[in-house]
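Starting from the given sequences, assemble the full structure and let the hints guide the process.
What follows is each chain in one-letter form.
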Amino acid sequence: MQGRLGKVKKIFIREEFCIACRLCEIYCQVEHSKSKKILKAFKEEKDLISRVLVEEVGFNSFAIQCRHCSEALCVEACISGAMIKNKNTGIVICDENKCVGCWMCIMACPYGVIKRNISEKKVASKCDLCGDEEYPVCVKNCPNEALQLRDI
Amino acid sequence: MALKLNQSEFEIHRDEQKCISCQVCVRQCSNDVHEYDEDNESIISDNIKCVGCQRCETLCPTGAIRIKQRESEFKYNYNWSPGHLKNIYKQAETGGVILTGMGSDKPYTIYWDHILFNASQVTNPSIDPLREPMEIKTFIGRKPDKIDLYKSSGKNMKNPVFLTNLGPQLEAEIPVLFSAMSYGSISLNAVKSISRAAYEFGTFYNTGEGGLHKDLKKYSESTIVQVASGRFGVDKDYLNSGAAIEIKIGQGAKPGIGGHLPGEKVNYEVSTTRMIPEGADAISPAPHHDIYSIEDLAQLISALKEATEYKKPVGVKVSAVHNIAPIASGIVRAGADFISIDGFRGGTGAAPQVIRDNVGIPIELALASVDIRLREEGIRHNISLLVAGSIRSSSDVIKAIALGADAVYIGTAALLALGCHLCQKCYTSKCNWGIATQDPYLTKRLNPEIGARRLYNLLTAWAHEIKEMLGGAGINAIESLRGNREHLRGIGLSEKELSILGIKHAGEAW
Amino acid sequence: MSNILEDNHLKAKYVIIGNSAAGLSCAEGIRSGDKKAKIMILTNEKFDNYSKPLISYFLAGKIDLKNIFFKDHDFYKKHSLTLLKDFNVKKINFRNKEILSWDDKKVIYEKLCIAAGGVPIIPQVELAFLSEKEEPGNNSNDSHIKHGRSGIKSRIISEIDIKNIDGIFTFTTMDDSLKIKKYVTANKIKESVILGGGLIGLKSAESLLSLGIRINIIEMSGRLLPSSFDKTASEIYEKAFRDKKSSVSVNKTIKRVYIKNNKVVAVETGDGKVIYTDMLVIAAGVKPNIDFIDEETEERKNLVFLRGIKTDKYMRTEVRDVFAAGDIVENKNVLKNSIENIAIWPLAVRQGMAAGQNMAGFFKEYSGGFPMNSVEIFDIPGVAIGITNPDNFDKKHLEIITDYNRDLNVYKKIVIFENKIIGVLLIGNIERAGIFSGLITNKVNVGKIKDLLLKDDFGVIQLPAEYKKHLVTGDAVAL
Numbered sequence: 000m001q002g003r004l005g006k007v008k009k010i011f012i013r014e015e016f017c018i019a020c021r022l023c024e025i026y027c028q029v030e031h032s033k034s035k036k037i038l039k040a041f042k043e044e045k046d047l048i049s050r051v052l053v054e055e056v057g058f059n060s061f062a063i064q065c066r067h068c069s070e071a072l073c074v075e076a077c078i079s080g081a082m083i084k085n086k087n088t089g090i091v092i093c094d095e096n097k098c099v100g101c102w103m104c105i106m107a108c109p110y111g112v113i114k115r116n117i118s119e120k121k122v123a124s125k126c127d128l129c130g131d132e133e134y135p136v137c138v139k140n141c142p143n144e145a146l147q148l149r150d151i
Numbered sequence: 000m001a002l003k004l005n006q007s008e009f010e011i012h013r014d015e016q017k018c019i020s021c022q023v024c025v026r027q028c029s030n031d032v033h034e035y036d037e038d039n040e041s042i043i044s045d046n047i048k049c050v051g052c053q054r055c056e057t058l059c060p061t062g063a064i065r066i067k068q069r070e071s072e073f074k075y076n077y078n079w080s081p082g083h084l085k086n087i088y089k090q091a092e093t094g095g096v097i098l099t100g101m102g103s104d105k106p107y108t109i110y111w112d113h114i115l116f117n118a119s120q121v122t123n124p125s126i127d128p129l130r131e132p133m134e135i136k137t138f139i140g141r142k143p144d145k146i147d148l149y150k151s152s153g154k155n156m157k158n159p160v161f162l163t164n165l166g167p168q169l170e171a172e173i174p175v176l177f178s179a180m181s182y183g184s185i186s187l188n189a190v191k192s193i194s195r196a197a198y199e200f201g202t203f204y205n206t207g208e209g210g211l212h213k214d215l216k217k218y219s220e221s222t223i224v225q226v227a228s229g230r231f232g233v234d235k236d237y238l239n240s241g242a243a244i245e246i247k248i249g250q251g252a253k254p255g256i257g258g259h260l261p262g263e264k265v266n267y268e269v270s271t272t273r274m275i276p277e278g279a280d281a282i283s284p285a286p287h288h289d290i291y292s293i294e295d296l297a298q299l300i301s302a303l304k305e306a307t308e309y310k311k312p313v314g315v316k317v318s319a320v321h322n323i324a325p326i327a328s329g330i331v332r333a334g335a336d337f338i339s340i341d342g343f344r345g346g347t348g349a350a351p352q353v354i355r356d357n358v359g360i361p362i363e364l365a366l367a368s369v370d371i372r373l374r375e376e377g378i379r380h381n382i383s384l385l386v387a388g389s390i391r392s393s394s395d396v397i398k399a400i401a402l403g404a405d406a407v408y409i410g411t412a413a414l415l416a417l418g419c420h421l422c423q424k425c426y427t428s429k430c431n432w433g434i435a436t437q438d439p440y441l442t443k444r445l446n447p448e449i450g451a452r453r454l455y456n457l458l459t460a461w462a463h464e465i466k467e468m469l470g471g472a473g474i475n476a477i478e479s480l481r482g483n484r485e486h487l488r489g490i491g492l493s494e495k496e497l498s499i500l501g502i503k504h505a506g507e508a509w
Numbered sequence: 000m001s002n003i004l005e006d007n008h009l010k011a012k013y014v015i016i017g018n019s020a021a022g023l024s025c026a027e028g029i030r031s032g033d034k035k036a037k038i039m040i041l042t043n044e045k046f047d048n049y050s051k052p053l054i055s056y057f058l059a060g061k062i063d064l065k066n067i068f069f070k071d072h073d074f075y076k077k078h079s080l081t082l083l084k085d086f087n088v089k090k091i092n093f094r095n096k097e098i099l100s101w102d103d104k105k106v107i108y109e110k111l112c113i114a115a116g117g118v119p120i121i122p123q124v125e126l127a128f129l130s131e132k133e134e135p136g137n138n139s140n141d142s143h144i145k146h147g148r149s150g151i152k153s154r155i156i157s158e159i160d161i162k163n164i165d166g167i168f169t170f171t172t173m174d175d176s177l178k179i180k181k182y183v184t185a186n187k188i189k190e191s192v193i194l195g196g197g198l199i200g201l202k203s204a205e206s207l208l209s210l211g212i213r214i215n216i217i218e219m220s221g222r223l224l225p226s227s228f229d230k231t232a233s234e235i236y237e238k239a240f241r242d243k244k245s246s247v248s249v250n251k252t253i254k255r256v257y258i259k260n261n262k263v264v265a266v267e268t269g270d271g272k273v274i275y276t277d278m279l280v281i282a283a284g285v286k287p288n289i290d291f292i293d294e295e296t297e298e299r300k301n302l303v304f305l306r307g308i309k310t311d312k313y314m315r316t317e318v319r320d321v322f323a324a325g326d327i328v329e330n331k332n333v334l335k336n337s338i339e340n341i342a343i344w345p346l347a348v349r350q351g352m353a354a355g356q357n358m359a360g361f362f363k364e365y366s367g368g369f370p371m372n373s374v375e376i377f378d379i380p381g382v383a384i385g386i387t388n389p390d391n392f393d394k395k396h397l398e399i400i401t402d403y404n405r406d407l408n409v410y411k412k413i414v415i416f417e418n419k420i421i422g423v424l425l426i427g428n429i430e431r432a433g434i435f436s437g438l439i440t441n442k443v444n445v446g447k448i449k450d451l452l453l454k455d456d457f458g459v460i461q462l463p464a465e466y467k468k469h470l471v472t473g474d475a476v477a478l
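Chains as they are written, first to last, in numbering that gives the first Met the number 0: chain A, 0 to 151; chain B, 0 to 509; chain C, 0 to 478.
All the pointers check out, no bait thrown in.
The calculated lysine to aspartate or glutamate pairs, modelled on EDC-like cross-linking and capped at a C-alpha distance of 20 angstroms, are:
#, chain 1, residue 1, chain 2, residue 2
1, A, LYS120, C, GLU375
2, A, LYS120, C, ASP63
3, B, LYS142, B, GLU308
4, C, LYS309, C, ASP290
5, A, LYS120, C, GLU430
6, B, LYS17, A, ASP46
Just so you know, the hints here were simulated from the structure itself, not pulled from any lab data.
Owing to the predicted nature of the structure, the values given are computational and were not obtained by experimental measurement.
Following this line, the structure appears as structure tokens:
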């Protein structure tokens, strides 16, 4: 795997290797916390929200997060212009300053991976592929490579 | 429900300041050690269920968990060790044989650790393997008594024609192969990891008695198919699917006894691979019921060679037992192309502890005596010698080869590379590392891509180290080291041990 | 004259009437195929662009003027779009491809997209103008009002009245929002009547409530958001209104609004109850804004189907080179297989994009849609997708599953027809609502997973394998 370097990359979900440990969720919460420190985030901060979601039925499980769709229904549904797809990187990002929390995106996303964040101002929270990190933390911390970042 | 006398073997230390109640430990433990208490949002751990596999400790994102061996398990008594007490308590409760997994952990002498390897100084130069060619490729198979070459006169003198019919050989890029571990005793993902690594590196793995799963046929040129007393999964197609065939007589961890895969582990995939009904116990008898003599063995060898049109080497695997040298001699004379000797510290998925810890001999001694005996009889070249039973490092490999082995098998070392923490609970089928289990919830934990990569890395690292050691000793081909005991010296060994090993003591010059 | 008409500034290959979701999406659509030709956007408003649904958030003070723009300020420049503000279309001469404004400007197009949106519906309410001495509601006999003994002047309300009389508002534009904000502040309004419990009514209620104003919603039908909610859903919100000392009156109408000194003083409901108020928001719904299409013409007959502009799957209208998109449009409702006006943002964007791409010469299909909406009032989120009140479906193949947790105030309702979900109503917990939208859009057979739909952990993992695969094809997922 290579670093991101401005290429369009996506997270591959590999159901057969997801072990439902939910470390992706934990690290996602930390990465999107204020302190970005695991102990501080979990001990002192409230309402941590994971933007990746582990689904589990019996031994089947997988972690799913925003697919950064090419024709993103959330972008289409966004009334505030907060949800934007970057044409160069392919990343769909919700500008939380612009977001008004109308939940149109939640209603539109067929993966159900946008979350209602009401900890402060109401905003939609979703995967941002960990903007400044070389690898999204869910990919980096998956112990079994059930999540992989690949070029597309 | 009478009182149970056994105490917990481990202590689980949870640093509450670090625990974030994320429940990774709860989800990862197949023994239900950890439990989340919703009322006070904390996790409670039950020491007695812990097998010490350290899965939780490894995955805990904050390092809050430490698994420690309980120190004051029982009152100290040199004679009545905690092991004796525990077993007696357990047997008094259950009336059963004590089962265990992996190789013996008893403190018998480990001869590898009493042997030192040589290096060149002044009189013959050492070789830098990074700058000069270094050959560790190994051919496994019967070698001819002599080689006939046709030498034409005149200009063609330099290119003689090879006249000898060499017979089938396995060509391994490293004198390290993966031991027989059946699909059934370990998960398909574990077998996939091992077979893929063998294939990619250019060495071999062994199916064990598990048959050959359809997903693994693509690695057939790196596969040694085993024929054991249960004959599971054996048909003509199976025999021809591998690069070589190995007849399993015995296993180092449990010489003299058979195997038993309980019906609950025989799921659909296992049953089709082994060619037995789903849910049926897979019982491997202690002996092959058609082998009661060397002559019987010779018959089976020739039958297998016939079935595979003499295209594949056929070997025989035996446990290292007291009479190993004459047994090996018999195997050579029975027509085998290689012999695999499994020492008493070799691993197992399940064995009675009493057998594992008390039966058989160390591989170092078995190897040395077999090599010496075959040389004495002038038949050493007729067979390749593979040894197994706790090869732990590249130095064990190089010492084994200097003691006369052609190559080694690694089993436990391979499983360690896949994540095994030697908790020795393989027989429970609850392996938290996804290795010794068929539970799909657990087998998912071993991603064969990662597994294969780790095994490949291990072989790469060992290959480097072997080359470094060879170079240091001024040797540029592993062939030149084989049986070259002058490169070995014993340390802290008795005269008898040195004589069996056929090596001088450290300090003794040529 | 004709020379002026040839003026380049008023002539463009592509002209778009409307500067909102559909219009701007259309411009983007055109630009995705044609990078050069001139695009002119006409708007009757004075703003660069703003998101109409955000006016309620603006009124509530949740966003400022800076953030009400849904497209960046450099959007027009980046796509080289010419924006004509304050352009009030009077009529379109389709034969000459001319658009005329009320102030006699003329724009000539080669291809036109009408994305003029909707305008508020003004119900037939009577305005009663009281003198200084007169009080509302003391007229016992309705038939006497117009020429009554008391001599009260009255007439049916018109758009002009809404503009001129203090305290009566509609709520569909930024202007409305600004006016309400000013009025509310200046008059320290504490209570308001809202006529209509539909989406606009609820949105305006939401923002007025957050300004500390008590609300009386008067809704003609038997429940709030009648097109999407059912009685249970409505009652959850009705109770929340009551808890905030506001009220919702269902099955009620306003028949008369009392005006004194050119200012609202009270309203009288259909059953004669007088409610004193300083403010009335008329939120009786919106209709396609087609007034500028001359009723007499042949084109009008061709363009309009029921009440909006009918378009085909390429967003073409019946008139050559004229496209339409957004809230003005009538197109396919895929759940009913009918042609109707579905005025929601996502479809406006999708239609605009399709119209634009087709105008630029690429065949981009718009396959129809279905209604969906999301509200959040008093921190109770609610989502209604598709047909939540299936009145015209064969009962034999219809299944409605519901779950109402009164303690948590969570209500879920799923409408299944012939084993496919056609409608979903989620109140209180809208997590993962979009999965249902996907199931509806793709007409997925849920026969085998019906029991799981209402479970809290329902997710992608339970979806039929085929659909799960379809969901992820091409989007970097291997499930």
